[in-house]
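Could you put the whole structure together from the sequences, leaning on the hints where they help?
Chains as they are written, first to last, in the working numbering: chain A, 411 to 508; chain B, 425 to 924; chain C, 124 to 617.
Please keep in mind that the hints were generated in silico from the structure rather than gathered at the bench.
The calculated SDA-like cross-link candidates involving lysine to any residue, where the alpha carbons are at most 25 Å apart (straight line), are:
id	chain 1	residue 1	chain 2	residue 2
1	A	Lys413	C	Glu425
2	B	Lys687	B	Gly703
3	B	Lys662	B	Val598
4	A	Lys500	C	Leu470
5	A	Lys494	C	Ile208
6	C	Lys535	A	Ala448
7	A	Lys413	C	Ala494
Some, not all, of what chain C presents toward chain A, calculated at C-beta under 10 Å:
id	residue
8	Ser361
9	Pro422
10	Leu428
11	Tyr432
12	Ala444
13	Ala448
14	Glu461
15	Asn465
16	Lys477
17	Thr504
18	Asn553
19	Gly556
Note that beta-carbon positions come from the ideal geometry of N, C-alpha and C, so glycine has one too.
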Amino acid sequence: MSKITRADVANLARLARIEMTEDELDHLSSELSVILDAVARVQEVAGKDVPPTSHPLPMTNVFREDENRPSLTPDEALSGAPAKEEQRFKVPKILGEE
Amino acid sequence: MSLTYEKLIDKYEPVLGLEVHVELGTKSKMFCGCSTVFGAEPNTQTCPVCLGLPGALPVVNAKAIEYTIAIGLALNCSIAPFSRFARKNYFYPDMPKNFQTSQYDEPICFGGYLDVKVDTDEGVKEFRIEIERVHMEEDTGKSLHMGGATGRIHGADYSLLDYNRAGIPLVEIVTKPVAGTGKYAPEVARAYVSELRDILRSLGVSDVKMEQGSLRCDANVSLRLIGAEKLGTRSETKNVNSLRSVERAVRSEMLRHAALLEKGERVIQETRHFHEDTGDTTPGRSKEQAEDYRYFPEPDLVPVAPAKDWIEKIRATLPEKPSARRTRLQESWQVPDKEMAAMINADVLDQVEQTVNLGADPTRARSWWLGEIARIANERELPASSLPITPNDVAEVVALIGKGELTDKLARQVVEGVINGEGRPREIIEKRGIKVVSDDSALMAAIVNSIKAQPEVAEKVRGGHIPAAGALIGAVMKETKGQADAAKVRELLLKHLGQA
Amino acid sequence: MIEKSATQMAAALQSGELTSVELTKAHLARIDEVDDKVKAFLHVDKEGALKQAENVDARRKAGEKLSPLAGVPLALKDVMVQKGIPTTCGSKMLEGWRPPYDSTVVARLKSAGIIILGKTNMDEFAMGSSTENSACFPTHNPWDLTRIPGGSGGGSSAALAAFEAPLAIGTDTGGSIRQPAAVTGTVGVKPTYGGVSRYGLVAFSSSLDQAGPCARNVLDAAYLHEVIGGYDPLDSTSINAPLPPLVQAAKNASVTGMKIGVIKELQGEGYQAGVLKRFNEGLEELAKLGAEIVEVSCPNFEYALAAYYLIAPSECSSNLARFDAMRYGIRTGEGSAEEVMNATRELGFGKEVKRRIILGTYALSSGYYDAYYGSAQKVRTLISRDFEQAFTKADVLVSPTAPTTAFKIGEKSNDPIAMYLNDIATIPTNLAGVCGISIPSGLAEEDGLPAGFQIMAGAMKDDLLYQVGAALEAALLSKWGAPILSGAPKLGAK
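Rendered as structure tokens:
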């Protein structure tokens, strides 16, 4: 039985940038444990000799030429912005640099 | 107790890891057709793809792949027959999709090396830097931090984002751990970035302007006790943006680590930022918990499997390697190692070569770029290459000296004028009324005056003591305000005193 | 007129018997009349639709040669971006967002002169099988308004079944076109992966998502498929080859001599008796038409659901990261960018979306990647191999589309695993990238609700879906004497 703890969910929520209430953490940890039990079955058949498939069709080398295409106008680019200033997206203060 | 650098080196061995990011000079971005021109109005070079709008999909720029393969080949890498893009997942406002399309365990180039030369106490020594991988990724947008301390992220009230840079193709070149450089670690780091930059420039894949951020270096530094196997804890100094800063940042980190270790403290694995003004580093935001980038193959892109003949075609068009070019130039110019290293260090090789190509004598061309121009560059804390003087100007000055229209001293005034933006050499000569006094009668008058003023010196010269003439020549030069050709003065003076 | 097929409407437009404006107005009126009960639409673009219709009429009048479906109205799943028209994906997150660009599908619809009536309801970000996960409201099944219309594309299928539109666009990541088609008595096609451009389709799971046609009959779907399908240089995963001739295949509805493979693993336990019965009748019809029915085994299909519920959440955890309140969509919360992101994502995403993001984040995280995401990708390989094997024994494969008919709204909302089981028969095609169609197989005896018959074909063999689908459809139609939807309640009669 996979056991996902509250702390696990809290850490996942942090990675996924979703605030969660205590209730949600409790609820999700028990729910996820059940779901993970169900999906863990994939490990039964996934042998070492089976290559993974990340793309359903075996395609390679899809490129475009290095040519310019029209950009959006700044108005269009910023049309959905919750806030803007000086033709830029205005966002709350950023805490640290990556 | 902090150690001096010499003491540090006796006890510890520095190990470097260098990650260089290069913005490729393609016309369009990595995954869309937006322009990559630097300095455009904010958010004028964006589209659904590079803004990460819902539904938009990336398509790989073929030129970016070609450039990356060229870089790999120039760095003696193997080109992967099959490589893949992967998503690096983390949240940051300057990254429109909140994942960076990058490469993870299947980079396009791997396993190369680059040899760099460093001037050591025992002469010029070569160090081999092993390249772990060369991979493709995309750049992020740019943030302006508003309010609070000017432009700093800390204490800002809010930020403004411009995504023109988001999605510009970026190549990351990662070294294996570099050990065995001992006290020369800072110089080796600098020489590596410098050599890499020369290669990238010669390939024409990037404008490699560190000051504009098109070439950025992250320097990983760790120390271990001499003889120890295990690597020490490293720090990663991010986005160092000049060659000089690379060298200084490495040295500063070595000293900082040593000081910590001597106090019995731990070096924390963290990212740090280098400050040009103080010459030291400060920590980035410490993360309470580790990031987990959750890399996985980018499902919106298909794998890259470059055909052999494509790779060979790229290989066939690779330009001469900068190191080979240097050897060739050194031979043709007959320059000693030290002088050659000096030119490379001052980053004026291109300028000297172009000056020579314009007809100047190699020795003269070199002495201008390494002498007066380097001196002014140093004074202004700028690279010589960024001063507003061109090989054309220098070649012209050299030619004018050759024709006797300028003396060395006058030429220095002209060069300074060019650097100060007063115009091209001819214009400055005209504007400043610079003229070599070559009129024999005017010179003779000055010579006669100098003999009158120092008759006893003149006697010595007449008596065959030629070196004494210097005092007289000096007086003539002074009288003519330096506008006379010293050689000519000497000739006339000696003749006049019966010694020619 | 609104109960006619799209092909019949197109013929009436071509003959001049009808104008596109009249046809569009009739559908807008129908929407006005019934959509407060069905709740298929999130946004109706009356003005835009009429303008488009006028334009098509004018072009036709001017003698311009128009594409076959020009002037026929269509309902667009709200996951597909349309310039200037609200696109929410059924989420609070995108409230008020009007995209500044057209998806490739929309661009092709527009250039074919198809009239886009509006955007249809869906499970939030296409995650669900009932359309109950829409942040706006649930959509109701026109056959029984207390029941779900399937999902995630329940709005599109309900709009077809309620005669609000003769054509619709859906997207299918694990069955979101086919399962709603099955439970509403309509036709839905999941094309071969890469057969229809994903550019402008708001991604749920990039390696599984595929847009496709929804209609009330096979031929209509084939016409629509030919409009939206084919190579698109804006989608790197788009197949650079011509579509097989789909309309021709639908018209050449013959199965004589074909081998039809019944997948052993996709029947039996968990399947409603009435659904299986109609499925078996479908097989009999095909046999009567001269097809050879063979049984095939796909032993790894039993792992498909598990693999799907790792791969789709993993990809979605990354795809949905961009909804962060910085560039578009809603913004809430105080403090730093990070705090605002956290608060906005908490408010903007519904329960199921959060559940999947967290699950996907877990499956990709270091230390668990190999066991979960990595293993799921290997299962994907095994499922593709099962298909390859099966296609050596049969030209097409068949199964019931969904194990049951439409369930009651609210019945399974608190049991995610029971909900996930709805897609057990449709998921394998998505994992392998092959194509599938659902056509009505009849009404289940026990509840009188529609059931679906699924036909699957290999990659780029979408024509076989239409060929076999049209043959079976014709056989069943002659057996029933009238289209299945003629038996649905007449919602308009107040």
